[in-house]
Amino acid sequence: MANLTREETEALIAEVLEVYPEKAQKDRKKHLAVNDQSIEQSKKCITSNRKSLPGVMTIRGCAYAGSKGVVWGPIKDMIHISHGPVGCGQYSRAGRRNYYVGTTGINTYGTMNFTSDFQEKDIVFGGDKKLAKLIEEIEQLFPLNKGISVQSECPIGLIGDDIEAVSKKASAQFEKPVVPVRCEGFRGVSQSLGHHIANDAIRDWVFERDGKDLKSKFEPTPYDVTIIGDYNIGGDAWSSRILLEEMGLRVIAQWSGDGTIAEMENTPKAKLNLLHCYRSMNYISRHMEEKYGIPWMEYNFFGPTKIEESLRKIAAFFDESIQQKCEEVIAKYRPMVDAVIAKYKPRLTGKRVMLYVGGLRPRHVIGSYEDLGMEVVGTGYEFAHNDDYDRTIKEMGNATLLYDDVTGFEFEEFVKKVKPDLVGSGIKEKYIFQKMGIPFRQMHSWDYSGPYHGYDGFAIFARDMDMTLNNPCWNKLTPPWMKPAAESEDLAKAA
Amino acid sequence: MANIMIRRGDKGEYVFYLPKRDLEDTITSMEFDTPEKWGGEIKLNNGGSYYIDPQPAPERLPYSVRARRLDAAE
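One line per chain: the protein sequences are A and B, in this order.
If you read the first sequence in the UniProt record's numbering, its first letter stands for residue 1, the second for the next number, and so on.
If you read the second sequence in the UniProt record's numbering, its first letter stands for residue 1, the second for the next number, and so on.
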C-alpha cells in the first residue's frame, strides 16, 4: 500500500477519533498528529506527558516502574528492595533482560526480588520497623552487597512511612549507601516521573555521600567517558562499549545496565557523559554539567549511519589521536556492515514499519530501519515529553503518523488502515498484532534477542527483522477451507 | 517564579531549559549580557519571554537561576 498523503492521514485520525465521546475526542485529538518537518516546536502539533484518559487502554507504567525497573534495577551490586506489597516486585522481576556479569545471589542481585511483602498490619501500624529488620536480614544473608535502595510502592506514600529516617540509620550502621527512593506508583502520569525521582535520588544520596568507604583510588585519564542511559538489554551496553574502547576512550561507568554503585560514584570524574536514553537520564546529566562541569551529548548507536555520525561527534570532543582511531574503527567495521546490508537489504527494502515504544527508540531506531531500506510510517512514545517530540519530528518523514500515549483501540485501528509490514512495540501489543496477521517485533526487550546497539547489534537487528518479516508463516494464516476454490484444486493436484 | 537552567548550545548560543515543563529552547535575546550585569528580560525562540533579576554574569555555565515568566508562548 502506498503511503498516505497528509490529508489522508488527517482523515484517518478523524475517523479513529469518531468513536469517542465528545470530551474524550477533544482530549485524544491533541495527542495524535501528522508529522510536519517544518515545525520547530513539537507542542504546536502534539501534546505529551499528560494524564491518560480514564477508560481507555493505556500502555504506560508507573513511577515505581520507572525507578525500580529502569534506572535503579540494573545496578547489579546493590539490592533493590521493593518496599510494599509483594506483587509490584514479583511481576516485574527480571523482565527487562538487563544482562550483567556476576554470580547472582553472591555479589550481584539483578534478577532477584527483594520485597517487604506488606500486609494489612503494616499498613495500619506502619512498615518502618519491618524495613529496618529487612535491611538487617539482607546484611546477614548477602554480606557482599555494596548498597541498598528502597523503592517505595504506592502504600508507603499513602501511609506516610519515614523511609528516609530508616535508610539514614541503616546507612550509618552498616557503612553502606542506603538510598530511599520516593517513587510511589501514583506519582506523575507515567514512568517518566519515576526516572526523574530516581535521578534525583542518585544526585542526593549517591553523589552527596562522603564515600569514605570507597577503597579504590581513582586515577583519571583525559579520555574518561561514561555511558549513561544504556540498560544493557540483551547486552546493548557491551556492544556499545567496545566501540568506544576501540576508539581509545576509557569507559569508567555504565549507567545503569551492568553498572555498579562504585561506577556511579566515579561518574562525576568523567570528561564527557555520553547519553543514550535522553528521556530517563537527562536530568542527572544536566545536573552533572552544572555542578561538575561535565559536558554531555546524546548519541545513537542504532544502525551504521547513526553510529558513524555519533562516533565522529564523540571523537570531536577529544584530540586528534582519538579522531584518527575513530575513523579506523569506522573503516574496520565497514566491510562487515556492507555484508549485512548486502544480505538483508534486498529482502527488506520497501517494507513499512510502525513503532510504539518508550523512551528513545521511537526516534533512535528509525536510522537502523532506513539503513535496511525500510521506512517508518508511524511512531509514538508511551511517556515522552515535548523535548522528545522536538527531536523526533526531524527524524520522521512528512505526513507520517505521530501518536502520544496511544490507546489500544487507536493503535489497532491505525495499523488496520496504514497496513504496515511490521509493527514494533511491547509485549502487551505483540499477540494482538500477530493474531491480526501482522509481523511483530518487541522493541522493548528485542524479543528475547539482542543486542541491537553498535555494529554487532546491527547485524543481529537485520537478521531478526528478516526472520520476522519473511517468515513463511505469514501466508499460512488463511486455513485451506477458507481459500478460494482454484487454489485448493491446485493443492489437490499437488497432493 | 520558576527555576530555569541556562547553558551554552552547540553554536555558543544560550539555551534555556525549564525542568518543570521540559521546555528546552534557544534564547534569542538577553537584555543585559556583560560580565558585570547579566540577565534582565530574555526572549525565547518560541516567542515566550522570562525575566531574570540582573546580576553579575555566572562564572560558569550551565547556571540555575530563578526566573519570572513575562509572557509564555502558549
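No lab work stands behind these hints: they were computed from the structure.
Watch out, some of these pointers could steer you wrong.
Example chain A residues on the side facing chain B (calculated, C-beta under 10 Å, incomplete) [claimed, not checked]:
| no. | residue |
| --- | --- |
| 1 | D36 |
| 2 | E40 |
| 3 | K44 |
| 4 | S48 |
| 5 | H196 |
| 6 | Y283 |
| 7 | E308 |
| 8 | H385 |
Covered stretches of chain B (in silico footprint by chain A; criterion: 3 or more residues with CB under 8 Å from a CB of chain A, positions within the stretch not fixed) [to be verified]:
| no. | region |
| --- | --- |
| 9 | 5–18 |
| 10 | 27–35 |
| 11 | 56–69 |
All C-beta atoms in this analysis are idealised placements derived from N, C-alpha and C, irrespective of residue type, glycine included.
Here's how the hints hold up against the structure:
Taking 10 Å as the C-beta contact cut-off toward chain B, the hint placing D36 (chain A) at the interface is violated, the least distance being around 16 Å. At its closest, the beta carbon of E40 (chain A) sits 7 Å from a beta carbon of chain B; the interface hint therefore holds under the 10 Å criterion. Among the interface hints, the one on K44 (chain A) holds; its C-beta lies about 9 Å from the nearest C-beta in chain B, closer than the 10 Å criterion. The restraint placing S48 (chain A) at the interface with chain B holds, with a minimum CB-CB distance near 9 Å, inside the 10 Å limit.
The interface hint given for H196 (chain A) is met, as the beta carbon of that residue sits about 9 Å from the closest beta carbon of chain B, less than 10 Å. Because the beta carbon of Y283 (chain A) sits about 7 Å from the nearest beta carbon in chain B, less than 10 Å, this interface hint is met. Checking E308 (chain A) against chain B by beta carbon gives a least distance of about 19 Å; that is not within 10 Å, so the hint is violated. At its closest, the beta carbon of H385 (chain A) sits 4 Å from a beta carbon of chain B; the interface hint therefore holds under the 10 Å criterion.
Proximity of the region 5–18 of chain B to chain A, defined as three or more residues with a beta carbon under 8 Å from a beta carbon of that chain, is established by the 3 residues found. Figure legend: the region 27–35 of chain B, annotated as covered by chain A; annotation inconsistent (0 residues with Cβ-Cβ distances under 8 Å, at least 3 required). Check result for the region 56–69 of chain B against chain A: holds, 4 residues qualifying (beta carbon to beta carbon below 8 Å, three or more required).
Going down the numbered hints, you'll see the structure goes against 1, 7, 10, while the others check out.
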